[in-house]
Amino acid sequence: MRVTVRDIAGVVGGSIIGDADQLVTGISSLTEAASGDISFLANPKYAPYLAETKATAVLVASAQETGRPIPVQIVVANPDFAFATVVATFGPKAVPPPTGVHPTAIVGERVRLGSGVAIGAYVVIGDDAQIGEQTVLYPHVYVGNEARIGANCLIYPQVSIRERCRLGDRVIIHPGAVVGSDGFGYATVEGVHHKIPQVGVVIVEDDVEIGANTTIDRARFGKTSIGKGTKIDNLVQIAHNVEIGRHCFLVSQAGVAGSTRLGNHVTLAGQCGLAGHLTIGDQAVVTGQSGVSKSVPPKMVVRGSPAQEFKTAQATEIAVRRLPNTQAQVKDLLARVAELEKRLALLQAKP
Amino acid sequence: MRVTVRDIAGVVGGSIIGDADQLVTGISSLTEAASGDISFLANPKYAPYLAETKATAVLVASAQETGRPIPVQIVVANPDFAFATVVATFGPKAVPPPTGVHPTAIVGERVRLGSGVAIGAYVVIGDDAQIGEQTVLYPHVYVGNEARIGANCLIYPQVSIRERCRLGDRVIIHPGAVVGSDGFGYATVEGVHHKIPQVGVVIVEDDVEIGANTTIDRARFGKTSIGKGTKIDNLVQIAHNVEIGRHCFLVSQAGVAGSTRLGNHVTLAGQCGLAGHLTIGDQAVVTGQSGVSKSVPPKMVVRGSPAQEFKTAQATEIAVRRLPNTQAQVKDLLARVAELEKRLALLQAKP
Amino acid sequence: MRVTVRDIAGVVGGSIIGDADQLVTGISSLTEAASGDISFLANPKYAPYLAETKATAVLVASAQETGRPIPVQIVVANPDFAFATVVATFGPKAVPPPTGVHPTAIVGERVRLGSGVAIGAYVVIGDDAQIGEQTVLYPHVYVGNEARIGANCLIYPQVSIRERCRLGDRVIIHPGAVVGSDGFGYATVEGVHHKIPQVGVVIVEDDVEIGANTTIDRARFGKTSIGKGTKIDNLVQIAHNVEIGRHCFLVSQAGVAGSTRLGNHVTLAGQCGLAGHLTIGDQAVVTGQSGVSKSVPPKMVVRGSPAQEFKTAQATEIAVRRLPNTQAQVKDLLARVAELEKRLALLQAKP
Numbered sequence: 182m183r184v185t186v187r188d189i190a191g192v193v194g195g196s197i198i199g200d201a202d203q204l205v206t207g208i209s210s211l212t213e214a215a216s217g218d219i220s221f222l223a224n225p226k227y228a229p230y231l232a233e234t235k236a237t238a239v240l241v242a243s244a245q246e247t248g249r250p251i252p253v254q255i256v257v258a259n260p261d262f263a264f265a266t267v268v269a270t271f272g273p274k275a276v277p278p279p280t281g282v283h284p285t286a287i288v289g290e291r292v293r294l295g296s297g298v299a300i301g302a303y304v305v306i307g308d309d310a311q312i313g314e315q316t317v318l319y320p321h322v323y324v325g326n327e328a329r330i331g332a333n334c335l336i337y338p339q340v341s342i343r344e345r346c347r348l349g350d351r352v353i354i355h356p357g358a359v360v361g362s363d364g365f366g367y368a369t370v371e372g373v374h375h376k377i378p379q380v381g382v383v384i385v386e387d388d389v390e391i392g393a394n395t396t397i398d399r400a401r402f403g404k405t406s407i408g409k410g411t412k413i414d415n416l417v418q419i420a421h422n423v424e425i426g427r428h429c430f431l432v433s434q435a436g437v438a439g440s441t442r443l444g445n446h447v448t449l450a451g452q453c454g455l456a457g458h459l460t461i462g463d464q465a466v467v468t469g470q471s472g473v474s475k476s477v478p479p480k481m482v483v484r485g486s487p488a489q490e491f492k493t494a495q496a497t498e499i500a501v502r503r504l505p506n507t508q509a510q511v512k513d514l515l516a517r518v519a520e521l522e523k524r525l526a527l528l529q530a531k532p
Numbered sequence: 182m183r184v185t186v187r188d189i190a191g192v193v194g195g196s197i198i199g200d201a202d203q204l205v206t207g208i209s210s211l212t213e214a215a216s217g218d219i220s221f222l223a224n225p226k227y228a229p230y231l232a233e234t235k236a237t238a239v240l241v242a243s244a245q246e247t248g249r250p251i252p253v254q255i256v257v258a259n260p261d262f263a264f265a266t267v268v269a270t271f272g273p274k275a276v277p278p279p280t281g282v283h284p285t286a287i288v289g290e291r292v293r294l295g296s297g298v299a300i301g302a303y304v305v306i307g308d309d310a311q312i313g314e315q316t317v318l319y320p321h322v323y324v325g326n327e328a329r330i331g332a333n334c335l336i337y338p339q340v341s342i343r344e345r346c347r348l349g350d351r352v353i354i355h356p357g358a359v360v361g362s363d364g365f366g367y368a369t370v371e372g373v374h375h376k377i378p379q380v381g382v383v384i385v386e387d388d389v390e391i392g393a394n395t396t397i398d399r400a401r402f403g404k405t406s407i408g409k410g411t412k413i414d415n416l417v418q419i420a421h422n423v424e425i426g427r428h429c430f431l432v433s434q435a436g437v438a439g440s441t442r443l444g445n446h447v448t449l450a451g452q453c454g455l456a457g458h459l460t461i462g463d464q465a466v467v468t469g470q471s472g473v474s475k476s477v478p479p480k481m482v483v484r485g486s487p488a489q490e491f492k493t494a495q496a497t498e499i500a501v502r503r504l505p506n507t508q509a510q511v512k513d514l515l516a517r518v519a520e521l522e523k524r525l526a527l528l529q530a531k532p
Numbered sequence: 182m183r184v185t186v187r188d189i190a191g192v193v194g195g196s197i198i199g200d201a202d203q204l205v206t207g208i209s210s211l212t213e214a215a216s217g218d219i220s221f222l223a224n225p226k227y228a229p230y231l232a233e234t235k236a237t238a239v240l241v242a243s244a245q246e247t248g249r250p251i252p253v254q255i256v257v258a259n260p261d262f263a264f265a266t267v268v269a270t271f272g273p274k275a276v277p278p279p280t281g282v283h284p285t286a287i288v289g290e291r292v293r294l295g296s297g298v299a300i301g302a303y304v305v306i307g308d309d310a311q312i313g314e315q316t317v318l319y320p321h322v323y324v325g326n327e328a329r330i331g332a333n334c335l336i337y338p339q340v341s342i343r344e345r346c347r348l349g350d351r352v353i354i355h356p357g358a359v360v361g362s363d364g365f366g367y368a369t370v371e372g373v374h375h376k377i378p379q380v381g382v383v384i385v386e387d388d389v390e391i392g393a394n395t396t397i398d399r400a401r402f403g404k405t406s407i408g409k410g411t412k413i414d415n416l417v418q419i420a421h422n423v424e425i426g427r428h429c430f431l432v433s434q435a436g437v438a439g440s441t442r443l444g445n446h447v448t449l450a451g452q453c454g455l456a457g458h459l460t461i462g463d464q465a466v467v468t469g470q471s472g473v474s475k476s477v478p479p480k481m482v483v484r485g486s487p488a489q490e491f492k493t494a495q496a497t498e499i500a501v502r503r504l505p506n507t508q509a510q511v512k513d514l515l516a517r518v519a520e521l522e523k524r525l526a527l528l529q530a531k532p
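Protein chains in written order, with this note's numbering: chain A, 182 to 532; chain B, 182 to 532; chain C, 182 to 532.
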């Protein structure tokens with residue numbers, strides 16, 4: 182890339198503080214930037230890096246006092262988003278996905294392929310499946326019978342989408358993810374586990390993204406569902422009959438047990454676990470590694486294992502850290518009270 | 182489906198309370214049921230839903246007082262199990278697995294295939310492997326040299342079974358699972374890690390089920406083993422030389438470190454972790470997210486990280502929740518004891 | 182195998198205590214050994230097993246008092262390492278990997294293949310990729326455009342290496358692992374998550390090993406990097422822009438959030454989680470299931486969730502276990518202080 186700060190400000194709709202003619206030749210983070218790079222400041226806690234960065238330009242949410250002419254500042258409403266635009270516009274060109282239907286792809290009977298569909302080498306698509314227009318299946322993808330994939334989806338290598346599952350439009354699934362594996366359901370009779378058929382499906386709505394090697398089980402009956410715009414990271418487990426609302430975040434290695442329901446705009450941070458049959462309200466947040474065994478009301482932030490409301494959990498954590506000191510105080514009190522009792526007894530014994 | 186309550190009761194061997202001629206046209210859970218559906222009540226805590234459900238019929242373990250003619254009740258010994266039978270008998274027909282050996286399957290030299298084996302597109306089977314009769318390998322499965330798979334197994338897409346590993350009969354492995362990856366073993370010499378060859382195998386006994394993207398490492402030497410009837414959920418890690426008994430449950434994202442042994446009927450709940458070289462007794466239960474660093478005797482339930490016996494752990498948790506109050510009490514005591522000391526000193530100082 | 186103790190001592194450079202002519206016919210652990218087996222004692226805590234083992238020979242770090250002529254002892258500097266040598270020299274021969282380029286492999290345009298490269302069935306390699314000499318790609322591997330893989334690497338089945346990622350020499354990647362999936366990055370505008378392009382790469386240096394179904398995300402821009410000699414277990418998550426130093430251990434199910442940097446010789450034990458944007462110093466150790474939310478200085482061992490320095494964490498854990506007793510003491514103190522106050526008031530009220 183070889184553009185001016187003015188070019189960039191034009192693309193992101195920002196106002197410039199400094200020399201608009203400075204040349205930008207690369208993209209980087211504040212700490213890694215070299216001269217010529219554009220960077221961004223999204224989190225105010227990194228503001229001190231502005232005084233040290235070698236970046237030539239920086240996207241900011243408001244004018245920053247740095248006492249330096251460089252980096253030139255470009256003020257925008259959302260630096261994170263503007264930076265994404267800069268990367269998409271000026272950054273390294275993405276490697277183009279496969280196009281056309283590769284001759285080695287095996288497409289079942291009565292499969293409907295939309296216009297512009299791309300199917301990579303060694304893809305296997307079962308009978309009666311549907312693939313929407315402009316959707317790309319990378320090599321080694323498996324699509325089961327009667328599955329339906331919407332338009333403009335991106336399905337990376339080695340993804341399994343089992344039979345009858347349905348994906349909306351613009352869904353992205355990263356390598357190795359599994360959609361529609363059997364739920365973990367057994368009826369135990371005299372200590373022996375008998376498999377309960379898992380005959381439901383998984384429904385993934387529009388604009389969902391699913392991370393690498395994440396697993397989403399099909400419902401026992403009915404459906405496991407992921408709402409529009411929800412983003413799921415790598416190695417997440419979603420059990421059978423779970424229902425996830427719209428625009429949620431599920432961060433890596435989180436796990437949701439069977440039949441739990443998440444509202445909209447819920448955040449599950451990394452490695453947290455949710456028991457089954459719970460209801461998690463809209464905009465609730467479960468912090469990292471928390472273990473949730475009770476339903477969570479809307480907007481509540483919970484923390485800990487077992488999870489409590491955030492402030493309570495934090496107060497408990499602080500109290501625990503003070504505990505060795507508390508126990509020393511108790512030991513001291515025990516001695517002092519014993520001494521008081523002795524002295525008082527002596528006093529009372531006085532004639 | 183379009184059957185009567187009588188038809189269903191006949192199949193599950195239940196007795197009917199109510200109108201045996203009611204028509205059943207669907208299958209659902211109590212809360213999601215519409216008129217015409219059959220449902221089931223397995224967990225007594227959901228009994229209140231019986232008063233509200235729109236289901237036409239319900240499988241129960243004992244007659245329930247609802248004051249309503251609908252849902253008709255079908256009393257059976259195990260409603261969970263009976264429901265599975267209903268789903269299998271009357272529910273959506275499962276999509277049939279592949280049949281025959283697909284022309285693109287690559288079968289090594291001296292491979293023995295049992296009668297009725299089905300091998301999907303792009304499956305690769307190494308030399309000297311054996312596949313038992315009626316076993317189904319879905320597309321993209323990899324079977325290493327000298328591996329043996331029993332009869333009537335179901336191996337879903339993109340499963341890797343590495344060389345020399347052995348599976349019993351009726352084993353089910355879900356997409357992306359890995360059996361026989363190298364154990365994590367190194368000899369560290371002056372800070373550099375040298376790989377220790379992992380020349381053992383994995384032995385999976387009859388009726389085991391292995392979840393999507395679960396990983397089971399081969400032994401350093403000897404074997405990693407999974408006992409008959411054990412069911413393993415998605416994204417579980419089983420390290421080298423682990424031995425797991427019969428009829429255990431390993432729930433999603435649990436992890437078992439090297440050389441640990443589980444007895445029979447052990448339950449590992451979701452996201453729990455077990456250190457290496459431990460022994461977990463028969464029927465022991467490790468609750469969700471627990472971290473087990475010591476062996477667990479038979480039938481003990483453990484909880485927490487580090488894990489303790491359940492009641493002790495629970496008492497500790499309750500005590501911790503009261504801790505801020507305890508610390509307030511201690512603060513109060515410190516003031517009162519100081520006051521007592523002062524007053525007593527004054528008294529003693531009196532002539 | 183059929184060799185003498187003398188043969189083995191010759192290979193590992195050890196000195197023999199006992200009958201050098203004893204015949205060794207197998208390899209096993211101390212507890213599982215039968216007569217004829219060679220075993221090893223690496224961890225002193227297993228020394229008592231020497232008195233009971235049926236092994237014929239044992240590798241030890243120093244002469245052990247057993248009062249028995251068998252097992253014959255072979256004294257070596259590092260029994261673990263010597264045992265690995267014995268396994269590699271005399272143990273079961275590894276199944277040879279594929280050789281040559283399988284006719285079904287699809288190799289893109291302008292791909293450079295080193296001499297002696299082996300490419301298994303149904304491998305797909307994108308345009309402009311490079312594969313170093315003697316490297317083996319097992320069946321179903323996917324290599325994206327412009328990716329580079331060094332010499333003498335071993336890439337197991339169903340691994341995805343996405344476009345532009347680069348691997349050094351002697352890298353081993355186990356089945357189902359994903360290198361170069363998109364980082365989890367979004368700009369949220371009015372509750373809707375907009376994907377931030379992830380245009381960076383993953384750089385994996387020489388001698389790295391990556392476990393089954395582990396996921397390593399490509400950088401948002403720049404690189405996610407894994408330093409020379411680092412060993413990563415199964416189901417580990419490494420987020421975008423993480424930098425990992427040399428000779429680290431990342432044990433199964435550990436997770437590292439975005440932009441966190443690990444120094445050299447760091448150990449992350451199983452199921453631990455690290456927040457983003459942290460710095461973990463050289464030789465630091467994070468124990469199992471710990472949750473790290475602050476940077477860790479070199480050589481520090483941390484434990485707990487949230488993690489603290491090891492001794493502090495341990496003191497806190499012990500304090501917590503004593504807490505029910507502490508609370509009983511406080512209850513007792515409250516009663517005794519109330520009694521003291523009453524008695525003192527009476528005394529003071531005396532004329």
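If you are wondering where the hints come from, they were derived from the structure by calculation, not from laboratory data. Among the clues, some could well be false.
Any copy, or any two copies together, can satisfy a pair, since identical chains are not distinguished.
[Said to hold, decoys possible] The calculated DSS-like cross-link candidates involving lysine-lysine, where the alpha carbons are at most 30 Å apart (straight line), are:
1) Lys523 x Lys480
2) Lys274 x Lys531
3) Lys475 x Lys404
4) Lys404 x Lys531
5) Lys480 x Lys492
6) Lys274 x Lys235
7) Lys226 x Lys404
8) Lys531 x Lys480
9) Lys523 x Lys512
10) Lys226 x Lys475
11) Lys404 x Lys523
12) Lys235 x Lys376
13) Lys376 x Lys226
All values reported here derive from a predicted model rather than from experimental measurement.
Worksheet item: Okay, which hints does this one fail, numbers in order?
Response: 1, 2, 4, 8 and 11
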